[in-house]
Amino acid sequence: MNTLILRTVAPVLTALMLLFSIFVLLRGHNEPGGGFIGGLIAASALAIYGIAFGVAAVRRAIRFHPMAIAGAGLFISTLSGLISIFFGVPFMTGLWIYPVFFDVEVPLATVISFDLGVYLVVLGAITSIALALEQEPGPETGGEEG
Amino acid sequence: MEALFAILIGLFFAAAVYLLLSKHTVRMLLGIVLLGNAVNLLLFTTGRLTREVPPIIPTGMDQLPAGTANPLPQALILTAIVISFSFFAFLLVLTYRAYQELGTDNTDEMRLAEPRDEERPPMGY
Amino acid sequence: MATPSTVPVDLSAALVLAPVPLADWLVVLPVASMIAFGALLMMVRKSVRLQGTIAIAGLALLVLLDAGLLWRVMVHGPVTMVMGRWLPPFGIAFTADLFGAVMALVSAVVALAAGIFALTDIDASGRRYGFFPFLMLLMAGVTGAFLTGDIFNLYVWFEVLLIASFGLLILGSEPEQIDGALKYAILNLIGTTLFLIAVGYLYAIFGTLNMADIARKAGTLRETAPLTTLTALFIFAFAMKAAAFPVNFWLPASYHTPRIVVSALFGGLLTKIGIYALIRVTVMLLPVEREELSLMIAVSAALTMLIGALGALAQNDIRKLVGYLVIAGIGNMMAGVAIGTPAAVSGAILYALNSVATMTALYLVAGEAARLAGAWSLSGLGGLYRRAPWFSAASFAFFLAAAGLPPLAGMWPKVVLLKASLDIGAWWLAASILVSAFVITLALGRVFLLAYWRPLSGPAPKMPGEDAPAGDWRIVLPLGALTFLVVLFGLLPEPLLDLTQRAATNLADPAAYILSVFPQSAIERGALP
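Protein chains in written order, with our numbering: chain A, 16 to 161; chain B, 863 to 987; chain C, 10 to 538.
Just chain A, same shape as in the assembly (with noise of 0.2 Å):
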């Protein structure tokens, strides 16, 4: 699509919505938000960037593939339920650290790196499959599906 509102909208637009996707992961936490609505707010992100400037231009925004960056978020989020194996605790237990930092307790947890393998995920699987709607028909398109 090129029209110049969108052209010139497009990258601060994305920009804002990524950003405004950590800040939902984080407010997941506690509050309504979390990874699967952030990431799904950063994939239409991206996909606001393909729809400018085309698919091309995305690939080569993200540097990984789609794909592979969801294969890290699922594998971050069996980490987080596997480190439990040494605490003697089931899978998936919550394991709680309170790191300070200049005098700030911060509560961290496999929790919060379990939402954050959610959200790659979400963002890896939808952004593949926006690419390959969003990608003009050709004989070989797809392939990035699931």
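To be clear, the hints were calculated from the coordinates, so they are not data collected in a lab. Note that the coordinates shown come from a computational prediction; the quantities given were computed from them, not determined experimentally. C-beta: ideal position from N, C-alpha, C; glycine also. Mixed in with the good hints there might be a few duds.
Ranges between beta-carbon positions, derived for each pair [as the list claims (entries may be wrong)]:
| hint | chain 1 | residue 1 | chain 2 | residue 2 | range |
| --- | --- | --- | --- | --- | --- |
| 1 | C | 230 | A | 114 | 22 to 28 Å |
| 2 | A | 150 | C | 69 | 58 to 64 Å |
| 3 | A | 76 | C | 66 | 30 to 36 Å |
Example chain C residues on the side facing chain A (calculated, C-beta under 7 Å, incomplete) [to be verified]:
| hint | residue |
| --- | --- |
| 4 | 26 |
| 5 | 34 |
| 6 | 45 |
| 7 | 52 |
| 8 | 92 |
| 9 | 389 |
Stretch by stretch, here's where chain B covers chain C in the computed footprint (C-beta under 8 Å, at least three residues) [unchecked claim]:
| hint | stretch |
| --- | --- |
| 10 | 177-184 |
| 11 | 191-199 |
| 12 | 258-271 |
Please build the complex by placing chains B and C on the supplied structure of chain A, with the hints as guidance.
Chains B and C only, in chain A's frame:
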């Protein structure tokens, strides 16, 4: 209230089945979306309809106050929504590709995997 | 939760506080490791050679973990682990009993065989497309379905394996595959949605989703709740997944379109998940209602057997022929569910185990035959016996096993099922098992006659793009291992018969299963109800 929801769910199911009986893949896709939503409503209703008190234990108590909503069906629906969303995305790509490759969205004409004039197995050497 | 200093609460009412023994992890590790390996493979999708190595290592690990789990279950009884240390029925429980553990182990062995075969069958483009990650996710779904102790979680694993199967099914994006995949996808999605509806009603009736909890409560609710309707809905949904008559038509429409390894995995594993769920829900959770509906299941089973056998007789394409054999096998297993005595259920389990190995092997044989002789159709195949005598011998073993002829593994489940059906006087069910086996013998005999014995004039045409040398270990090893299993359990069926009998007895009386999920209830009451 449950009776009203039952009727609503019934309507959803009827519309979904009607669309699924179509020969055209796009309508079947819409039917599947409706079917998924019908099931979500059904799950919601099976958890009993209550007033919207969030199921959070207040400070100083160790059990839920009376009349809170049932959180479990909501968790089930959330899972079901996520799954049906991803399936819908996949099916959307698949039907689009099918339309590109096969040149039709009429399932009667999609006979590549099962050709009409299939050869019989040989009866002897 | 964010601050450690809150009002003290009695955590023992909600959480597992005792440390978890490391052996209990065997319930979760097969699934978790498959997901981890799948994720790893997704990240290295570019390096084609590395993918194969990682995937085979992962599948071998899965076999070891499942074997360890089976050993643990055989020695100590069912093993349970709850997610996130929440006590059941609130926490999602993974519970492995004999039935689930043995199915998981056989599936893992078959997946390893298919994975090794895939090293030749799946080329670089198929690997870049993600064959191995999808295979791992498929196995995560399959193993999860076998090991979960929560019925909604069972639905989730159904969906996981379904989405992985979609990916595998359209692995080359050929028009024929897209045609098959569309029908497969839509009909299977409707099937799982029906399952979800049934789960919704189940929750409305029982107020719980934990299978052990449902098994405990089913007795008390029997007078008031519409459990027969619910069971019928479950049976319909699972019959659709298992491709039982009259909802079997998606299988012959799609199973012959993908790569042969994918067909092999689907034919071996996916329909058996439907049978597993059918046995788990109707035999263990709702046995009285199964009894009421047994005639309906029996009629469907008999028709499935006959349709499958006759369909196999009418096919020219050997992949479609094997597809109909899968359907015929489903009929036999459903006959075991319909009869419902522990002996019959053990026959069904034995049949399922046998079918997992045999059907996968038959698809692989079909692929290898087509590679050697250059055709998928019976009219084109020929001269295999002269070209590859050892391969022909292995094929012959699988044909005997699939037809249920002595002395191979396929015979024992049929014998057990026949005896069980004659014991309750269902002569027509026994007759349909025999007729179906006879027709299958005819169909497979004809395959052997035409494709193996018939001399082929002139050099065989080559399948395009496949040039593995003869005697390649990636083909010999999986086929040889599966032949070994089929012959071994044909000649020495005693341990397996014993195992399935124990599994079936535990399903008929799930006290040990319930005890493993709710140890505290037994302590409170002294004994289980």
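Contradicted hints - numbers only: 1, 2, 4, 9
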